[in-house]
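Position chains B and C against the provided structure of chain A, taking the given hints into account.
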Amino acid sequence: MPKLYTFLKYFCVILWSCFVIAPFLWAISTSFKDFNSVTGGATYIPWLQFEPTLDGWSVLFKPGSQGGINIIGPYFNSIFVTFTASFISIALGTLAAYALSRYTFKAGFVQNNDITFFFISQRIMPPVVLSIPFFIFLSTIGLLDSLAGLILVYIVLLMPIAVWIMVDFFNRVPKEIDETALIDGCNPFQAFFKVVLPNSIPGMIVAGLFCIIFGWIDFFFAFILTFTNVQLLPVKIVALNSSITPWWSLSAAALVSVAPLIIVAFIVERFLSKGNLTGALK
Amino acid sequence: MSLNLGNIIFKPTDQYHLNDISLNFEPGKMYTILGRTLSGKTTLLKTIAGLQTPDSGNIQFEGKDFLAIPVWERNVAMVYQQFINYPHLNVKQNIEFPLKQRKMEENLIEKEVSDAIQKVGLKGFESRKIQELSGGQQQRVALARSLAKKAKILLLDEPLVNLDYKLREGLREEFKKLFTGSESSQSIFIYASTDPLEAMQLNGDIIVIDEGKILQTGSSKEVFENPANAKVAEITNDPAMNLNIGRIENNKLILNNNIQFNLPSSLQTMSSDNYLVGIRATDLHLDNNGFDFKVDISEISGSETFLHLHNQDIKCVATIEEVKSYEVDENVKINFDLSKIYLFKESGELLYSPYQK
Amino acid sequence: MNFKHKFVFLLPGLIVLIGILIFPIIFTVRLSLSGWNSYNPGLDFVGIKNYIRLFTDDPRFWESFFRLSFLAITTVFLQYIIGFFLAHVVWKDIKFKRFFRVLFLIPMMTTPVIMTVIWRTFFHESLGPLNDFLSIFGVQPQWLSSPGLAKISIIVVEVWQWTSFMFLLLLAGLLSLPKEPFLAASIDGASPFKKFMYVTFPLMAPISIGAIIIRLIEASKIMDTVFVLTSGGPGTATETSSFYIFIKGLREFQMGYAATMSFTYLIIMIISLTIIAKVLTKVLMKE
Numbered sequence: 001m002p003k004l005y006t007f008l009k010y011f012c013v014i015l016w017s018c019f020v021i022a023p024f025l026w027a028i029s030t031s032f033k034d035f036n037s038v039t040g041g042a043t044y045i046p047w048l049q050f051e052p053t054l055d056g057w058s059v060l061f062k063p064g065s066q067g068g069i070n071i072i073g074p075y076f077n078s079i080f081v082t083f084t085a086s087f088i089s090i091a092l093g094t095l096a097a098y099a100l101s102r103y104t105f106k107a108g109f110v111q112n113n114d115i116t117f118f119f120i121s122q123r124i125m126p127p128v129v130l131s132i133p134f135f136i137f138l139s140t141i142g143l144l145d146s147l148a149g150l151i152l153v154y155i156v157l158l159m160p161i162a163v164w165i166m167v168d169f170f171n172r173v174p175k176e177i178d179e180t181a182l183i184d185g186c187n188p189f190q191a192f193f194k195v196v197l198p199n200s201i202p203g204m205i206v207a208g209l210f211c212i213i214f215g216w217i218d219f220f221f222a223f224i225l226t227f228t229n230v231q232l233l234p235v236k237i238v239a240l241n242s243s244i245t246p247w248w249s250l251s252a253a254a255l256v257s258v259a260p261l262i263i264v265a266f267i268v269e270r271f272l273s274k275g276n277l278t279g280a281l282k
Numbered sequence: 001m002s003l004n005l006g007n008i009i010f011k012p013t014d015q016y017h018l019n020d021i022s023l024n025f026e027p028g029k030m031y032t033i034l035g036r037t038l039s040g041k042t043t044l045l046k047t048i049a050g051l052q053t054p055d056s057g058n059i060q061f062e063g064k065d066f067l068a069i070p071v072w073e074r075n076v077a078m079v080y081q082q083f084i085n086y087p088h089l090n091v092k093q094n095i096e097f098p099l100k101q102r103k104m105e106e107n108l109i110e111k112e113v114s115d116a117i118q119k120v121g122l123k124g125f126e127s128r129k130i131q132e133l134s135g136g137q138q139q140r141v142a143l144a145r146s147l148a149k150k151a152k153i154l155l156l157d158e159p160l161v162n163l164d165y166k167l168r169e170g171l172r173e174e175f176k177k178l179f180t181g182s183e184s185s186q187s188i189f190i191y192a193s194t195d196p197l198e199a200m201q202l203n204g205d206i207i208v209i210d211e212g213k214i215l216q217t218g219s220s221k222e223v224f225e226n227p228a229n230a231k232v233a234e235i236t237n238d239p240a241m242n243l244n245i246g247r248i249e250n251n252k253l254i255l256n257n258n259i260q261f262n263l264p265s266s267l268q269t270m271s272s273d274n275y276l277v278g279i280r281a282t283d284l285h286l287d288n289n290g291f292d293f294k295v296d297i298s299e300i301s302g303s304e305t306f307l308h309l310h311n312q313d314i315k316c317v318a319t320i321e322e323v324k325s326y327e328v329d330e331n332v333k334i335n336f337d338l339s340k341i342y343l344f345k346e347s348g349e350l351l352y353s354p355y356q357k
Numbered sequence: 001m002n003f004k005h006k007f008v009f010l011l012p013g014l015i016v017l018i019g020i021l022i023f024p025i026i027f028t029v030r031l032s033l034s035g036w037n038s039y040n041p042g043l044d045f046v047g048i049k050n051y052i053r054l055f056t057d058d059p060r061f062w063e064s065f066f067r068l069s070f071l072a073i074t075t076v077f078l079q080y081i082i083g084f085f086l087a088h089v090v091w092k093d094i095k096f097k098r099f100f101r102v103l104f105l106i107p108m109m110t111t112p113v114i115m116t117v118i119w120r121t122f123f124h125e126s127l128g129p130l131n132d133f134l135s136i137f138g139v140q141p142q143w144l145s146s147p148g149l150a151k152i153s154i155i156v157v158e159v160w161q162w163t164s165f166m167f168l169l170l171l172a173g174l175l176s177l178p179k180e181p182f183l184a185a186s187i188d189g190a191s192p193f194k195k196f197m198y199v200t201f202p203l204m205a206p207i208s209i210g211a212i213i214i215r216l217i218e219a220s221k222i223m224d225t226v227f228v229l230t231s232g233g234p235g236t237a238t239e240t241s242s243f244y245i246f247i248k249g250l251r252e253f254q255m256g257y258a259a260t261m262s263f264t265y266l267i268i269m270i271i272s273l274t275i276i277a278k279v280l281t282k283v284l285m286k287e
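Residue numbers (our numbering), protein chains in the order written: chain A, 1 to 282; chain B, 1 to 357; chain C, 1 to 287.
Hint data in this document are derived by calculation from the structure and do not stem from the laboratory. Because the structure is a prediction, the values reported are computed rather than measured. Note that beta-carbon positions come from the ideal geometry of N, C-alpha and C, so glycine has one too. Heads up, a few of these hints could be off.
Covered by chain A, according to a simulated footprint, are these stretches of chain C (three or more residues, beta-carbon under 8 Å) [unchecked claim]:
no.	segment
1	2-13
2	55-67
3	95-107
4	165-175
5	238-251
Okay, chain A solo, but in the shape it has when bound:
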C-alpha cells in the first residue's frame, strides 16, 4: 500500500512536470524551424526531423528596416516600466503598510482594516474597466502612449500587492522593536528608517519580486494605452500573432521575454525553502 502511494505520487508529479515543460520544449524546438518545417506538420527533434536554422533568433535583433522585429527597444521599455512602477509601489506601499500595521486610524466608521482593504481591493478591477477611463484620462493630461502614463497605471496594479505583503510582514515584526527605538531617542521617522527598514529587507524583496512578476506579465494596459511611441514586449510579441504567423521568431521572442522571470522562480524558491516567504505570504 505505501509503495503504491509512493508510485502514484511520483507518477503524478512527473506527469505535471511534463505538462509544465511541454510548451517550453515545443517553443524551443519551433524557434529553430523555418517556413517549410513548420508547415510540413508537427516535428520535434532538430537534424533528425527538420533542418534547424537560426533565422527565428537573428530576426529579433535586426531593426525593422532590414525586415527584423527588433525586440530590444520594447525589452528595455518593459524593464524600465516594470522596475520604476515596482520601485514606487514598494516605496509608497511599504510606508503605508507600516502605518497600517503600527498605528491606529479612525475616521468615522473607517478603521485600519478598511483602509488596508481599500488598497488591496484595487486588484478586483478588471483591466478593461480601468482602461477606458484611463484612455481618456491619459489623453487629457497628454500621457497617452508614454512610459510615464504606463507607470502611473502600473502603480495602481502593483501597490495593492506591495501593501498586502508588507502589512502581513510588519504584523510579524514585534512592535516592541520600534518602541525601543523611540525610547532610545529616535523620532518615528528615524525609528522607521534606522531600525524597522533594515530589518524589513526580506519582506521588501518578496514584495518586490511579486510586483515585478505582476508588472512584467501585464499585457492589456500596455495594449490599450500605447501605440507606436512606446511598445512593451508582450504587445510587440502578440502583434506578431496577427499576420501570417512566423512561428519560429514568435517562439524565439516568447522564450527571450519569458527567460528573465524564470530566474525569479529560483529566487522565490530560495526564500520559500529558507522560510522567509512564509512571513511575507499568508
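Just chains B and C, lined up with the frame of chain A:
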C-alpha cells in the same frame, strides 16, 4: 527630582486599562509593580515612557510636564519581557545606538559602552550578532543598552519571565546589585512583575495593581503582612491566599459543618458575623489530628508540592515541604495554623491580620 | 503608539492611489449615464437609459457573465485541487524536492499572453503537436473552433498558468504550519490519509480561503488568454465579461454603454466575492 503621576486614566475601549492612577516615585529607589497578566502593568510603564498617551491625568518629572515631552526626548530606558534588540546590529552597536542617537562624543561612547558591557558580563561578545546569543545573553544586551544610557527612569517589564529558572535567579541578584549601586542612586527603577516571590526578593516598594487600579502601595514587608484587602492577599501570594467564607459564632470560627475551630484569643474581639477567612498555603500543614480533605490535583514545584484540596464547599491549596505525589481523591488530613489567620470583610477590606500593630 | 507622524507614512501611498483612481472612477460613473459612441462622442446625459438596456435588452452581457463565473470557478477549483496536491507532495521529503518546487513555480512567472501565443500553436489543428499526438488514436479535435473544446482549451491554459500561484500560496502556508499537531497525530498512530483529513486540511483552512479568494479575484479578470486563444469565439462561445466590455467599448466605441457594463460588473463582483468569502469561511472553518 521625583516622578509624579496624577489621576491617570486610560480607557481605549469600554474597559479601563488605567483607572485613576496617582503615584509618586523617588530617585534612588526601586519600585515593583505587582499584578496579574493584563492588570495594566505594561500599560502603566508605557505611559510613563511616553509610548501611550493617557486620556486624562498628568505626569510631572523634575517639575516639568512630562506629557508634553515626546517619548524620544524623555530619556527613559525600558527592558521588555521579550528579548528586544536591534537584529541588524551587533552587540556593541546595539548598546551604543541610544548614545549615538544622542550625539554623544565618540570617546565617551566607547567608555560608557565598555562599562555597560563589563557590568552585564558580556565582555568578548562585542561583535557577536544578536541571533547568535542565548536568551539570557540577549536580555543582558537589552539591559546593557538601558544602563549605558544612564536614563533617569529605568522601566523593566517582567525582564526575567522568559528565562529559565536558574538564569532568572542569577540575573535577579545582579539586577539588585546594579540598581542599588552608588552611581545608580539618581535613577528611578520601576520593575513590573507577576511573581510575588520575585517582588519580595527585590525588596523595594511594592505597588499592587489590578484591573488598572492601584490596590495598595508600601514596603514589601507591609504589603505581605497587612494586605489592604482580599484581592491584594491573592495577588501577593503564590499560591494565592486561600479565601473562604466563614462565620464567628458562639466563640467558634466555623468554615462549614466539618471545619470548626475554637476561637483563638487573638480573635476574641471580633464580633459574631460572616467573614472572608484567609490563610496562606504555607500555613496549612499535614496533621493526623487535622480535618479530612480530598485531593483535587497535586503539583510538584521544585522541592515543594502544592495540594489542591476540598472539603465540601471549602477549597484550599496547601504547600507541603516535600516532593510526594498524591492520587486524585486521596484523603489527607490537614490542619490550619490558627495564629496566621486573616479576616476580611465579605466585601474584601482587611479586618484582622496576625501582624497587626 | 499614536503620533502625528503616522499620517506622513500613510498618506503618500493613499493620495497617489486615490489621485490616480479618482478620475477614472468618477468618469466611469458619469460616462455610464451618457450616450457616448463613435457617432456622438461626448458627455451628453441620457439618464439611466444604458442601465435599462443592460438589464432588459442585453442577454449577451449576462451570458458572458455566467460564462465567466463558470470558467473562473472551474479553473480555480482545479488549481486548488492540483495546487494543494503538488504543494503537499513537495512539502515533505521527496527526491529532487527543490527542483520540483522551482519547476512548479515557473508558469506564474511567464507572461500569460505570450505563453498563450505558444499554446495557440500547440493547439493548432493541423500543425500543432497535440493533434499530431492524438492522430495515433485517429482523432483530430477542433480545439479552438468548436464551442465546447474552445472552453476546455481556455481552462487548460488557465490551469497551466495559474496553478503555480495557488501552489506557491499553499506551499508557503504548509511551511508555516506548527509542528506540534503533526507530532501528536503521529504519536496517536494516525494514517497519512487521516493525518491529512484531520490535521493538515483543517489547519490549512484559513490559508486555503485566502488563496482561493485571491485566485478568484485574479481569475475573474480572464482576458489575455481569451483574447489571444479564441478572441471570444467561436461565435461568443468563450466570451467573458471583460472581453464583451472590451468589444463594446474599445472595438465598437460604445463608451457610454461599456461604462455602464463596467460599473455594473464591478458592483456584482464586489457583492459576489464578499458572499463567496463568507460562504467559504463558513464551510471550511467548520471542521
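Now the hints, each set against the structure:
1. 2-13: holds (count 10)
2. 55-67: Since three or more residues must qualify, the claim that chain A covers the segment 55-67 of chain C is violated, with 0 doing so at under 8 Å.
3. 95-107: Coverage by chain A holds for the segment 95-107 of chain C (9 residues, Cβ < 8 Å).
4. 165-175: holds (count 6)
5. 238-251: With 7 residues closer than 8 Å to chain A, the segment 238-251 of chain C meets the three-residue bar; holds.
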